[in-house]
Amino acid sequence: MSVPKDYRYTESHEWVRIEEDNVVTIGITDYAQEKLGDIVSIDLPRVGDEVERGEPIGMIDSQKASTEVFAPVSGVVLEVNELLNDDPAVINTDPYEEGWLVRIEVEDVEQIDELQSADDYEELLGKLDDEEG
Amino acid sequence: MSSHADARKTFLYDEHIKAGGKMVPFAGYWMPVQFEGIAAEHHRVRTKVGLFDVSHMGEVLFRGPRALSVVQRITTNNVGTVSPGKAVYTPVCLPTGGIVDDMIFYKVSDTEWFVCVNASNKDKDFQWFVRQAEGECEVLDLSEQYSQVAVQGPNGPALLARIFGDDVLGMKPFTFVKKDFQGAEVILATTGYTGEKGGEIYVPNAVVADLWRTLLAKGEDLGVAPIGLGARDSLRLEMKYCLYGNDIDETTTPVEAGLSWTVKFDKGDFVGRDVLVRQRDEGCSRSLVAFVVEGKGIPRHGYPVLAGDREIGHVTSGTLSPTLGIAVGMAYVARPNDEIGSKLTIDIKGLRKVEARVVQSPLVKR
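Protein chains in written order, with our numbering: chain A, 73 to 205; chain B, 113 to 478.
Hint data in this document are derived by calculation from the structure and do not stem from the laboratory. Keep in mind that the hints are not guaranteed to be accurate.
Where chain A lies over chain B, by a calculated footprint (3+ residues, C-beta under 8 Å) [stated by the list, open to error]:
| id | stretch |
| --- | --- |
| 1 | 149-159 |
| 2 | 455-469 |
The calculated lysine-lysine pairs, modelled on DSBU-like cross-linking and capped at a C-alpha distance of 30 Å, are [to be verified]:
| id | chain 1 | residue 1 | chain 2 | residue 2 |
| --- | --- | --- | --- | --- |
| 3 | B | K408 | B | K376 |
| 4 | A | K199 | B | K290 |
| 5 | B | K290 | B | K309 |
| 6 | B | K330 | B | K465 |
| 7 | B | K477 | B | K309 |
| 8 | A | K77 | B | K291 |
| 9 | B | K121 | A | K107 |
| 10 | B | K130 | B | K408 |
| 11 | B | K134 | B | K376 |
| 12 | A | K107 | B | K461 |
| 13 | B | K236 | B | K379 |
| 14 | B | K290 | A | K107 |
| 15 | B | K198 | B | K130 |
| 16 | A | K77 | A | K199 |
| 17 | B | K130 | B | K376 |
| 18 | B | K465 | B | K455 |
| 19 | B | K236 | B | K408 |
| 20 | A | K199 | B | K121 |
| 21 | B | K130 | A | K199 |
| 22 | B | K134 | A | K107 |
| 23 | A | K107 | B | K160 |
| 24 | A | K199 | B | K198 |
| 25 | B | K121 | B | K376 |
| 26 | B | K455 | A | K107 |
| 27 | B | K160 | B | K134 |
| 28 | B | K234 | A | K107 |
| 29 | B | K376 | B | K477 |
| 30 | B | K290 | B | K330 |
| 31 | B | K121 | B | K160 |
| 32 | B | K379 | A | K107 |
| 33 | B | K130 | B | K236 |
| 34 | B | K408 | B | K379 |
Between beta-carbon pairs, the in silico distance windows are [claimed, not checked]:
| id | chain 1 | residue 1 | chain 2 | residue 2 | range |
| --- | --- | --- | --- | --- | --- |
| 35 | B | G462 | A | D185 | 38 to 46 Å |
| 36 | A | S74 | B | L252 | 46 to 54 Å |
| 37 | B | E256 | A | E106 | 51 to 59 Å |
| 38 | B | I129 | A | G198 | 41 to 49 Å |
Remember, predicted model here, so these are calculated numbers, not experimental data. Even glycine gets a Cβ: it sits at the ideal position worked out from N, Cα and C.
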């Protein structure tokens, strides 16, 4: 299970990549896409939407399940990955690059510091593995 | 289903690993959820033939001179006075009319019935059967002895005939015969959970891996491949077949669930009859409908169904139909919203609302 070192993470399996001081890209982790299986559709916010940390901002549907995407930080949506409308399965094949979901202008940059590090997130995945045997 | 560190392996576990199956804990067993991909597997079953390991299901035998009155009392359908060799789908109800489980009764003889029950209900069902039988007949749990393989798809009968003989081709739906496989007696039934032709094979554990490999080898030119639980779910949903725990449970009755055709009111008394008669005569307040989504979003179990702002029910199952290419599902809705053509609004986790329309079942015609 890949966990890039220079990304930040949430307990609900979103990743955050810092682009500029107050701009981040978010997506779902390799673990999340693997759990979902073949992704068939997505529902994302629109450019200009205000999002609030911890609140659902979208939905990812696989053939077998649907999962909400939660905003890792509060802010305004700057850009949405339009590629996913035609080919949502990119999230399965490349969750950390081509499969990004939205870019957000962050309201309070301190919220970025409060996210999990790659090490923290790997520890969380280890615990989840133990629970599943 | 939740995860279990102590989940068991079926006798086909090693075959699934070799075939690249993605294994998940389900009803206490490690089961393959997919192999090549759910949609591809779904299409394979609709156009060619697929193999399902359904060894997690339970098997029970009712036997004895007075078994007839026991099986007629605990079921709603007429499982008793049909001819030997017939299979009958039936709910088993509580006195409240709520469904204990849905299952298939195979009438072996006038004194013997072989029954296949849902994996998640095995223990509960067996205890219920024993209690209801009140010692009037033997009730034997055979689950530990049997594995089960489903062979489903338009090429299913041809594949089965290659192993069990051409007489299989003449078998009518919902019948069964006993056959020999490598010296072991197996039960071959023309039943299934996909809407396709083919059958289900109840086979002793010792020979199931050989049977599985033989089916794959002899069906290569027919396009056979293993299929996971993911496609099993989308296949059954396209047919509006109920999944226990999702669409039916102890709080829903066969009349509400659209299963009145499995309730034989004139067969004599049976558990739950009073409530079901009342629902038949007076109507019930809600019913289980099939719907198609008109727009974006896939409804899932538990999502609220609205008419305007008023909540009128909830979704019980939903998926993207690989055959139709649109989201479909099942829901309990208050009458008269259950009429064909009724417009429903489904609340997708508060994120958005999608429109849906009640349609006739099955969703996919076979």
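Comparing the hints with the structure gives:
no. : hint                        : verdict
1   : 149-159                     : holds (count 3)
2   : 455-469                     : holds (count 5)
3   : B:K408 - B:K376             : 41 Å, violated
4   : A:K199 - B:K290             : 48 Å, violated
5   : B:K290 - B:K309             : 19 Å, holds
6   : B:K330 - B:K465             : 49 Å, violated
7   : B:K477 - B:K309             : 13 Å, holds
8   : A:K77 - B:K291              : 59 Å, violated
9   : B:K121 - A:K107             : 20 Å, holds
10  : B:K130 - B:K408             : 37 Å, violated
11  : B:K134 - B:K376             : 42 Å, violated
12  : A:K107 - B:K461             : 20 Å, holds
13  : B:K236 - B:K379             : 26 Å, holds
14  : B:K290 - A:K107             : 41 Å, violated
15  : B:K198 - B:K130             : 36 Å, violated
16  : A:K77 - A:K199              : 19 Å, holds
17  : B:K130 - B:K376             : 46 Å, violated
18  : B:K465 - B:K455             : 13 Å, holds
19  : B:K236 - B:K408             : 39 Å, violated
20  : A:K199 - B:K121             : 23 Å, holds
21  : B:K130 - A:K199             : 27 Å, holds
22  : B:K134 - A:K107             : 10 Å, holds
23  : A:K107 - B:K160             : 28 Å, holds
24  : A:K199 - B:K198             : 50 Å, violated
25  : B:K121 - B:K376             : 38 Å, violated
26  : B:K455 - A:K107             : 33 Å, violated
27  : B:K160 - B:K134             : 22 Å, holds
28  : B:K234 - A:K107             : 27 Å, holds
29  : B:K376 - B:K477             : 26 Å, holds
30  : B:K290 - B:K330             : 21 Å, holds
31  : B:K121 - B:K160             : 28 Å, holds
32  : B:K379 - A:K107             : 48 Å, violated
33  : B:K130 - B:K236             : 34 Å, violated
34  : B:K408 - B:K379             : 46 Å, violated
35  : B:G462 - A:D185: 38 to 46 Å : 29 Å, violated
36  : A:S74 - B:L252: 46 to 54 Å  : 51 Å, holds
37  : B:E256 - A:E106: 51 to 59 Å : 33 Å, violated
38  : B:I129 - A:G198: 41 to 49 Å : 23 Å, violated
Violation of the numbered hints given earlier is confined to hints 3, 4, 6, 8, 10, 11, 14, 15, 17, 19, 24, 25, 26, 32, 33, 34, 35, 37 and 38; the remaining hints are satisfied by the structure.
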